[in-house]
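Asker: Here is what each chain is made of, one letter per residue.
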Amino acid sequence: DVKVTQSSRYLVKRTGEKVFLECVQDMDHENMFWYRQDPGLGLRLIYFSYDVKMKEKGDIPEGYSVSREKKERFSLILESASTNQTSMYLCASSYPGQGFGNQPQHFGDGTRLSIL
Amino acid sequence: GQQLNQSPQSMFIQEGEDVSMNCTSSSIFNTWLWYKQDPGEGPVLLIALYKAGELTSNGRLTAQFGTTRKDSFLNISASIPSDVGIYFCAGHLHFPSGGSNYKLTFGKGTLLTVNP
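Going line by line, the protein sequences match chains A and B. With the numbering used here, the residue at position 44 of the first sequence is 47, and numbering never jumps. With the numbering used here, the residue at position 77 of the second sequence is 83, and numbering never jumps.
Keep in mind that the hints are not guaranteed to be accurate.
As the list claims (entries may be wrong) - Derived pair list, reagent style BS3-like, types lysine-lysine, alpha-carbon separation capped at 30 Å:
#  : chain 1 : residue 1 : chain 2 : residue 2
1  : A       : Lys-56    : A       : Lys-74
2  : A       : Lys-73    : A       : Lys-6
3  : A       : Lys-60    : B       : Lys-114
4  : B       : Lys-57    : A       : Lys-73
5  : A       : Lys-6     : B       : Lys-109
6  : B       : Lys-57    : B       : Lys-109
7  : A       : Lys-56    : B       : Lys-109
8  : B       : Lys-109   : A       : Lys-21
9  : B       : Lys-109   : A       : Lys-60
10 : A       : Lys-6     : B       : Lys-57
11 : A       : Lys-58    : B       : Lys-109
12 : B       : Lys-76    : A       : Lys-74
13 : A       : Lys-58    : A       : Lys-74
What the hints assert, rightly or not - Partial selection, computed: residues in chain A whose CB lies under 8 Å from chain B:
#  : residue
14 : Asn-34
15 : Leu-46
16 : Phe-51
17 : Pro-64
18 : Gly-66
19 : Tyr-67
20 : Ser-68
21 : Leu-93
Stated by the list, open to error - Some chain A residues close to chain B (C-beta under 8 Å, calculated; not the full set):
#  : residue
22 : Gly-19
23 : Ser-97
24 : Pro-107
Hint data in this document are derived by calculation from the structure and do not stem from the laboratory. None of these values were measured; they are calculated from a predicted model. Ideal Cβ positions, reconstructed from N, Cα and C, are used throughout, including at glycine.
Pulled out of the complex, with its shape left as it was, chain B reads as follows:
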């Protein structure tokens, strides 16, 4: 299956710093989703994006749906220790017929470590 290119693979930052991560693809996507996974848990949806150019916030998190529909980024401002975890991007591919399907394409994740 197709994978999204997610970067960076890992980040080690100090508490209070801002964080930025992104996903890119050679294909067009209809939706972009950002999930967080804590150790030993399942992924939890953070932000869902449905339109090119859309910028959406969820507390200290902000994500954008790229205007080309081939990329998305997630920013975390003023990081705190509980931000530690793996962040995944995911999206629904656009089909030439104009539709898409139920399946999600995932990035491999960004492992975030926050040093108190």
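Chain A with its partners taken away, still in its complex shape:
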């Protein structure tokens, strides 16, 4: 089974802090993703990466950055945390699956982040 592990289940930080969320997958997947999930808004893509050191902006990248130095690890960085970044953050990974037959994404258990 695919295993996507997020470093923290719950995290509390203060406004203005630099926050790191870590995600590791054990299936040698090329693609990795960061989402945030808020009530009524569903899952929104923040950033994704299709290879080591490669990244692309998702739908809501403002206030976030990412790092992918190794294939198995994808980090989400809140440069200066703000209260509106309080949310559930989900990491996912998948094989490339170009064209028809794209491969499904597999999710971690999420990090519930509170910014005070």
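Following the hints, put chain B in place on chain A, whose structure we already have.
Answerer: Only chain B this time, still in chain A's reference frame:
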């Protein structure tokens, strides 16, 4: 980003009843995926569909990829209390060039409550 139209938003049923939910879009999809999310957890993949008309089962769950490639449904038969959770549809959009990309488009979820 684009959203899928998922309905119903919520359902409250008695144990043993069958459940049906669906997703529709004005765009063509190459894959349809159904996920379940338990409270405080990440989404778990239930069923993946890759061909128009495909009907796939996973235990008491059955899902179909609509023949127009613009819709999908999920049925749960003989519901049990542990079926409680949020069910998401998701899919990879078809691009006019014939391909698609890594990103998933999500529905906003159906909250299922099962009364024992």
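Asker: Hint by hint, where does the structure go against what was stated? Just the numbers, ascending.
Answerer: Hint check: 4, 12, 17, 18, 19, 20, 22 fail, others pass.
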